[in-house]
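Given chain Z, work out where chains S and U should sit, using these hints.
The lines below spell out each chain.
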Amino acid sequence: MIELVIAKYNYWIYVILMMIGFYAMIVKTNLVKKIIGMNIFQTAIILFYISTAYKMGGATLPIMTDAQAHGHEAVLVDGVINPLPHVLMLTAIVVMVATLGVALAIVIHIYRRYNTLNEDEILKVMK
Amino acid sequence: MKFFGFLITLLTGAVLIYGTLDMPAYGDPDSPASRHVSPRYIEMTEIETATPNMVTSILADYRGYDTMGETTVIFTAGMSCIFLLRKRKS
Amino acid sequence: MILEQFPFLVHSAPALIIVIPLMFALLTPVIGLIRREWTFPWMLLALLLATLFSVTALQDVMRNGVIHYRMGNWEPPWGIEYVVDHLNGLMLVLISATALLVAVYGKKSVEQELPGKEVYFRCIFLLQVTGFLGIVITGDAFNLYVFLEIASLAGYALIAIGEDGAPFASFRYIIMGTIGACFYLLAIGYLYIVTGSLNMADLARLLPPLYGSKVVLTAFAFFMVGIAIKMALFPLHVWLPDAYTKAPSAVSALVAPLMTKVSVYVMIRILFGVFAPSFSISVVPAMKILLVAGIVAIFTGAILALAQKDFKRMLCYIIVAEVGYMVGGVGLANTTALRGAVLHIANDVVMTAGLFAVAGIINYKMREHRLDDFKDMFKRMPFTMAAFATIALSIIGVPPTGGFFSKWYLLQGALQEGSWIFVAALLFSSLVNVVLFFRIFEIGYGFHGDHGHSAGGDGGEAVAIREAPLSMLVPLMIAAATIVLLGFYNQALIGKIIQYAVPVL
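Chains as they are written, first to last, in this note's numbering: chain Z, 1 to 127; chain S, 1 to 90; chain U, 1 to 505.
Honestly, I wouldn't trust all of these hints.
[What the hints assert, rightly or not] According to the in silico footprint, chain S covers these stretches of chain Z (three or more CB under 8 Å from chain S): (1) 16-28; (2) 35-41; (3) 85-97.
[What the hints assert, rightly or not] So, partial list: chain S residues that the calculated Cβ filter (under 8 Å) puts toward chain U: (4) D22; (5) P32; (6) H36; (7) D61; (8) V73.
[Claimed, not checked] Straight-line C-alpha distance at most 27 Å; calculated BS3-like pairs for lysine-lysine: (9) K365/U - K87/S; (10) K124/Z - K33/Z; (11) K87/S - K309/U.
Source of the hints: derived by calculation from the structure; they are not laboratory data. The model shown is predicted, which means the values in this text are computed figures rather than measured ones. All C-beta atoms, glycine included, are put in the ideal place defined by N, C-alpha and C.
For reference, chain Z alone in the conformation it holds in the complex (with noise of 0.2 Å):
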C-alpha cells in the first residue's frame, strides 16, 4: 500500500487538484469564480504533465552542459528529464491563457449588460 502511496502519489495531488477545479466550474455561481476554477483545472493538468518528465535517479534539466555540448561528454538518456512534456505544457500554457483572456473579455461583456457576475441573477434579469 505505502508503495502504490509513493509510486502515484503525484498523480493523485493533481487529480485532487483537477477534481477542486472542475467543482468549482459546475457549481459556483459567480462567473469569475467558474473562471478562476477552469484555470485551477488546466493548472492541474498542466502540473500532470509536467511530474511525468520526472526521472528518478539524478537526471538534471534538459539542457546540455558545455562538455556534452562540444562533444567531450556523451549525452545520457537516463541524466536528463524528459523534454517533450514541458514543450506540450508551454503550448497548453498558452491555450489557457488564451481561454483566460476571451473568457474575461466575455465576462466583462456580460457586467455591461447585466450589472452582476451572478449567475442566478442574470437568469432572472433574462427571464
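This is chains S and U only, laid out in the frame that chain Z set:
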C-alpha cells in the same frame, strides 16, 4: 445542484484515480514516456538541430508546427478581445 | 484541374489548406487598415484557395491513396504529420466549401448586425475555419488539441457578439467547451504516459498490447466524454441551443453545421484510428453506449424541437437529434450504418448550413427569427422558400434528396443489427420533422390564423415580393441544389469515397 456537482466531481476524480493505478511509477526512468519518443530528442538535439536546449529544439523544430498553432491561439484570443470589447466609433 | 500543372502545389496541398486561411487571417486586420471593404474579397480569396486545395488533396487521395505530409520533414512519431485519407479529405472539402458559401452569404447580415466590426469578424471567421480544417487534417493527437482550441476560441468570440443574451450563452459554452477540451487533453496525457507517443498512427500501433489496462480504459472514457461535450451529444448538449440561437446569423450558419460534425469526425477518428475497431466493439461496450446515447438524443432532440416557438432554437434541437443519428449510426457498428453515418455528416453539413441560412434571411428581413415570422413568406420570398422547402424535405428524408439516402443506409444498418429501437427513433424523428416543417409551411402560406390585421380583407394579394438580397439567396440556392445532387450521386459518393473512408466491420 451543489450535491449533484459534488457527485459528478467525485465520480470524475474516482475514474481518473482508477486510471492511474496501472501507470508507471512516479519518476520511473524506464517508463514508456521516457523510452519511446523522447530519447531521440535528448541524444540527437545537438546533431540534428544544433540547439543545446532540448525544450527549445522540440518547441521550435521537431514540433514547431504546434508552436505555430500556439501563436495562432494567442492571436485568436487577442483578436477576440478587440472584437468583443472595442466600442463602436460613431 | 489547373493545379495539376504545378506538381509542387499538389504536393504541398495538405499544408496549404491550413496555411492559406491562417496567413490570410493574420493579414486581414492589416488589409482592414488600408481599406475596410477589401477584407471581404480578401476573405473570399482565402476560402476559395482553401477549397481549391482541399479538392486537390481529395483528388490526390482518390488517385494515389493516403497522403502523409511531414511538417518540417521530421518523421512521424517525432515530428507532426498531416494525414489525408478519404474520410478527412471529404471533411476538408465540406468545411472549406461551406465556409466559402457562408462567407458570401454572411456579407449583408454581418454589415447589418455588426456594423463597424466587419474587419475583426472576418479575421476571426478565417481563424475559425483554420481551426476546423486543422482539427480534421492532422495526424497528431496533441496538434488536434491545439487546433480544437483555435476553433473553440474563435467560436466563443463569434457567438458572444450576437444578440441580447449571447455573451452569457457564450460564457456557458466556454465553461462546457473548456471541460471538453481539458478532458481530451487529459486523455492524451494518459495515453502518452503508457505509450510515449502522440502520433495517432503510432498510438494505434502501440496500444493493442495495452488494451485492458486501466489507463487506456480511462483515457478512452475521457476522450469520448470530452468529444461528446463538443458535439453536443444529449445530455451534454445544454450549451448548444442558447449559443447557436443567439449567435449572429452568419456565425450560426458557419458554426452550427461544422462544429458538431467536426466533433463527430474526431470521434470516428479516435474510435477507429487511434483505437482499433476490435477495442471499441469488444473490449469496452462503447458502441452499445453510443447507440443508446444516439437513440436518446434523437428522441429528446425531436421532442424538444416540437416545443419551440423560435425557428433558430428549433433548428438547434434538430441538430441535437441529427447528432444522435450520426452517433447512433456509429454505435450500430456495422459497415452499412457507418457508411450511412458518414454520408449523413456530408448531408447534414449542407442541410443545417442551409436551414440556418434561411433563419439568417428571416432575421435580416424581420430582425427576429420566431416561427410566426414565416407568415406569408411564400409570397414574399418565393425563391428563399423554395430552397427552404427543398432542404426541409431533405431533413424529413424525402427522396430524391440527400437526407433520404443517408437515413436509408442508417435504417438498413439498424435492421441488419436488429436494433428496432433505433429504427423506431429514426421514424419518430422523421415524423416529428414532418410536423415541424409543415407547420412552418402552413404559416408561410398564410393558412394559419385569420385573426389580427389580415382579417381586414386584404388577404394575400397585398403582399409584394421582397426577395432576399442575391448575395444571401445564391448561397442558399447552391446549398439546396447540393443537397439534391448529394441525393442523386449518393452511390458515387459512397462508391468512390466513403467506402474507403470507414473500416469494414
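Comparing the hints with the structure gives:
Here's how the segment 16-28 of chain Z fares: 7 of its residues keep a CB closer than 8 Å to some CB of chain S, so the rule of at least three is met and the hint holds. Beta-carbon proximity to chain S at under 8 Å applies to 0 residues in the segment 35-41 of chain Z; the threshold of 3 is not reached and the given coverage is violated. Counting residues of the segment 85-97 of chain Z whose CB falls under 8 Å from any CB of chain S gives 9; the rule of at least 3 is met. Hint status for D22/S relative to chain U: holds, with the closest Cβ pair at about 4 Å, below 8 Å.
Annotation: P32/S was flagged as interfacial toward chain U, and the flag holds, the nearest CB pair being 4 Å apart, inside 8 Å. At about 3 Å, the closest approach between the beta carbon of H36/S and any beta carbon in chain U falls short of 8 Å, and the interface hint on this residue holds. The beta carbon of D61/S comes within 7 Å of a beta carbon in chain U, closer than 8 Å, and the hint placing it at the interface holds. A distance limit of 8 Å between C-beta atoms decides the matter here; for V73/S the minimum to chain U is near 6 Å, and the interface restraint holds.
Between K365/U and K87/S the alpha-carbon distance is near 26 Å, which keeps this suggested pair within the 27 Å criterion. Taken as a hint, the K124/Z and K33/Z pair is honoured in the structure, with Cα atoms around 19 Å apart against an allowance of 27 Å. The suggested pairing of K87/S with K309/U is violated, with an alpha-carbon distance near 33 Å, which exceeds 27 Å.
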